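Undergrad: From first to last, the protein sequence lines are chains A and B. According to my numbering, the first sequence is numbered sequentially starting from 1. According to my numbering, the second sequence is numbered sequentially starting from 1001.
Calculated from the structure, these hints are not laboratory results. Note that the structure is predicted; figures quoted are calculated from it, not measured. Treat the hints with care, as some may be off.
Heads up, incomplete: computed chain B residues facing chain A, CB under 10 Å, no partners named [as the list claims (entries may be wrong)]:
#: 1; residue: S1007
#: 2; residue: R1012
#: 3; residue: R1021
#: 4; residue: T1036
#: 5; residue: A1092
#: 6; residue: V1094
#: 7; residue: F1262
#: 8; residue: L1263
#: 9; residue: G1299
#: 10; residue: N1300
#: 11; residue: L1310
Label pairs and their calculated CB-CB ranges [unchecked claim]:
#: 12; chain 1: B; residue 1: A1092; chain 2: A; residue 2: A217; range: 39 to 49 Å
#: 13; chain 1: A; residue 1: P88; chain 2: B; residue 2: I1214; range: 55 to 65 Å
#: 14; chain 1: A; residue 1: Q112; chain 2: B; residue 2: D1097; range: 28 to 38 Å
#: 15; chain 1: A; residue 1: G10; chain 2: B; residue 2: L1108; range: 46 to 56 Å
#: 16; chain 1: A; residue 1: G101; chain 2: B; residue 2: R1184; range: 31 to 41 Å
#: 17; chain 1: A; residue 1: V111; chain 2: B; residue 2: T1090; range: 51 to 61 Å
#: 18; chain 1: A; residue 1: V111; chain 2: B; residue 2: A1092; range: 40 to 50 Å
#: 19; chain 1: A; residue 1: D160; chain 2: B; residue 2: Q1290; range: 34 to 44 Å
#: 20; chain 1: A; residue 1: V111; chain 2: B; residue 2: P1250; range: 39 to 49 Å
#: 21; chain 1: B; residue 1: Q1093; chain 2: A; residue 2: G162; range: 28 to 38 Å
The beta-carbon is built from N, C-alpha and C at its ideal position, and this holds for glycine as well.
The primary structure of each chain is shown beneath.
Protein chains: 2
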Amino acid sequence: MSDFRTSVTGPRPTTIVRPGRLAATLGCTITVVTETFQHTGSFKFRASWHVASHVAQQRVICASSGNFGQAMAFACQLLGKQCTVVMPATSAQVKIDAVRGYGATADLIDVQEMSREARVEQLSAADPLAYVASAYDDPLVIAGNASLGHEIATLHAGPDGGFDAILVPIGGGGLSSGIITGLRECGVSVPVIAAEPLLGNDFAQSIRAGHRIILPAEALTVADGARTRCVGAHNWAVLQHGVAGVIEVPEDAILAGVRRYFLEANLKVEPTGALSLGAVLTNPDRFAEQHVCVVVSGGNVDPVVYTNALQNLS
Amino acid sequence: MSDFRTSVTGPRPTTIVRPGRLAATLGCTITVVTETFQHTGSFKFRASWHVASHVAQQRVICASSGNFGQAMAFACQLLGKQCTVVMPATSAQVKIDAVRGYGATADLIDVQEMSREARVEQLSAADPLAYVASAYDDPLVIAGNASLGHEIATLHAGPDGGFDAILVPIGGGGLSSGIITGLRECGVSVPVIAAEPLLGNDFAQSIRAGHRIILPAEALTVADGARTRCVGAHNWAVLQHGVAGVIEVPEDAILAGVRRYFLEANLKVEPTGALSLGAVLTNPDRFAEQHVCVVVSGGNVDPVVYTNALQNLS
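Only chain A is shown next, with the shape it has when bound in the complex (with noise of 0.2 Å):
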């Protein structure tokens, strides 16, 4: 058996998968592009292997409790760099092992006595030779999202594409920041939605207000990828104008998305990544006959948390 990392030369291809029985349900034509079987389980691996790759660096630091931690651990081991992941020593036992599994070294804060950001910017100081990784606030995480942009342009060109419109999750706003850099790389000027959980709506609010912000406090959505209290910098650059829009999805409509998912075609999915199925879920009428593409940013997901979100929902 050769170890499939050493044939890891980069992101996978993402996955296409069109459901009948949704599209039928919903009354529009479907097309699920999935980051669920991305190395590492989200889309982050791609802005995480760009970025390892790019830089002369040969040691990350990042904050994360989540995908993008396991996909900088990966992609630094697999790329022979070492890489500290800070984490809140709180996280979920699973999260700190998958990151230790990747052969990144976790390191472990107590959030109340100092934040995220500080102790980052403790160990950048203590290794300024280090590169600090942010999760989507670097044009290097913008290029490497943009990769998916280009996917879905192959796609919508296609024999099974003439996509309406492209719903995606945002959070940090590196995802949708991405796939509009990548889409109009390749001449593709299809709208771009943004779906934001409501509780936590800084974007939203953003675009209301035309200028970026910040929430005082993260939302406690159960998206906890897009719990981010606002986008980054550099996204807002590519957003403001970039995005056709954005849908606020009510905790209830996210929920019902990983159901819908479950139910009606067999993918497991993360709450954030049902966020763009649960914004067309709210707005049913807006995209009745139309033929909509919505992204999938992950499927990583506690068992406790996917099983109350299949039994709670009617």
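Guided by the hints, dock chain B onto chain A, whose structure is given.
TA: Chain B only, in chain A's frame:
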């Protein structure tokens, strides 16, 4: 919007997933060939489409409370044929609704009063011009499922191929005999191993006896697609000397397969579909360091059964 049905011209290509975490914990290379995103959510559409499009009859009768009924109903709907599916009146309402949703007649019977086979005979006698379709014991079924063998052969010959073994769930034998037929048509001689529930091990008994053994009753295995009492005669003709072996999978290993797919591959799989991974889990040494291709037959599973599988295992 064009109805997506108008664009369906046959089965979809299968979906390939290469779960790195699962491979790492198992100590072998794993390629998952999953039919969970096939039309109607299981491989059954391959044979249903092949049968319905190759027989001259305009009406099809079959018995199924599961994936085959839905698949045949949908295939007939697409091809403009009439379909009657005999189902126990006690079938889950979602399954009855699904069959009806695909435009078929759900013929509900009290199985205490009349067997499904007897009811099919009754319907056939009343409509002798209708085609009585078997879920597995039919050369057309084997030919339809051979298309998946062709796809696996192409995969095996490709840059990520080179399988040491191909593991396939077995119930009536339609899928396994079809895959073997398709592989051999392409000149691929990789060993194909059948994965059967230990609780309903008629095929393992048959292989040991050298002739088909019929179980006295359907086994109540959680792998409800493999409750058949015996493989079909046409399937046995292919399988008796075509399989390289059979692995009997205990119930807890089937459920562990469902859970491992969820946790380490982001795949939603029905218990029958998890048989092939369950066979690897029960024989880790046998497959260590090998490149194993595991076939997932489908993903349609009741949410309660699924959440139990996630909760009840460590």
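Undergrad: Evaluate each hint against the coordinates.
TA: Outcome of the hint check:
Checking B/S1007 against chain A by beta carbon gives a least distance of about 7 Å; that is within 10 Å, so the hint holds. Satisfaction of the interface hint for B/R1012 is found here, the shortest Cβ-Cβ separation to chain A being roughly 8 Å, below the 10 Å cut-off. This hint holds: B/R1021 has a C-beta 8 Å from the nearest C-beta of chain A, less than the 10 Å allowed. The interface hint given for B/T1036 holds, since its Cβ lies 4 Å from the closest Cβ of chain A, which is under the 10 Å cut-off.
Nearest Cβ of chain A to the Cβ of B/A1092: about 12 Å, over the 10 Å cut. The hint is violated. Annotation: B/V1094 was flagged as interfacial toward chain A, and the flag holds, the nearest CB pair being 8 Å apart, inside 10 Å. Look at B/F1262: its Cβ gets to within about 6 Å of chain A, closer than 10 Å, so that hint holds up. Annotation: interface hint on B/L1263 holds; nearest CB of chain A at approximately 7 Å, less than 10 Å.
Nearest Cβ of chain A to the Cβ of B/G1299: about 3 Å, under the 10 Å cut. The hint holds. Residue-level restraint check for B/N1300 holds (minimum Cβ-Cβ distance to chain A is 7 Å; threshold 10 Å). Here the hint on B/L1310 is kept, as its CB sits about 5 Å from the closest CB of chain A, short of 10 Å. Our hint of 39 to 49 Å for B/A1092 and A/A217 holds, since their Cβ atoms are close to 44 Å apart.
Between A/P88 and B/I1214 the C-beta distance comes to about 59 Å, which sits within the given range of 55 to 65 Å. Against the hinted window of 28 to 38 Å, the Cβ-Cβ separation of A/Q112 and B/D1097 comes to about 51 Å, which falls outside the hint. Under the hint 46 to 56 Å, the C-beta atoms of A/G10 and B/L1108, about 53 Å apart, fit the expected range. Between A/G101 and B/R1184 the C-beta distance comes to about 40 Å, which sits within the given range of 31 to 41 Å.
Checking the proposed 51 to 61 Å range against A/V111 and B/T1090 shows it holds: the Cβ atoms sit about 53 Å from each other. Our hint of 40 to 50 Å for A/V111 and B/A1092 holds, since their Cβ atoms are close to 46 Å apart. The hinted range of 34 to 44 Å is satisfied by A/D160 and B/Q1290, whose Cβ atoms lie roughly 36 Å apart. Look at A/V111 against B/P1250: about 44 Å separates their beta carbons, and that is inside 39 to 49 Å.
Checking the proposed 28 to 38 Å range against B/Q1093 and A/G162 shows it holds: the Cβ atoms sit about 36 Å from each other.
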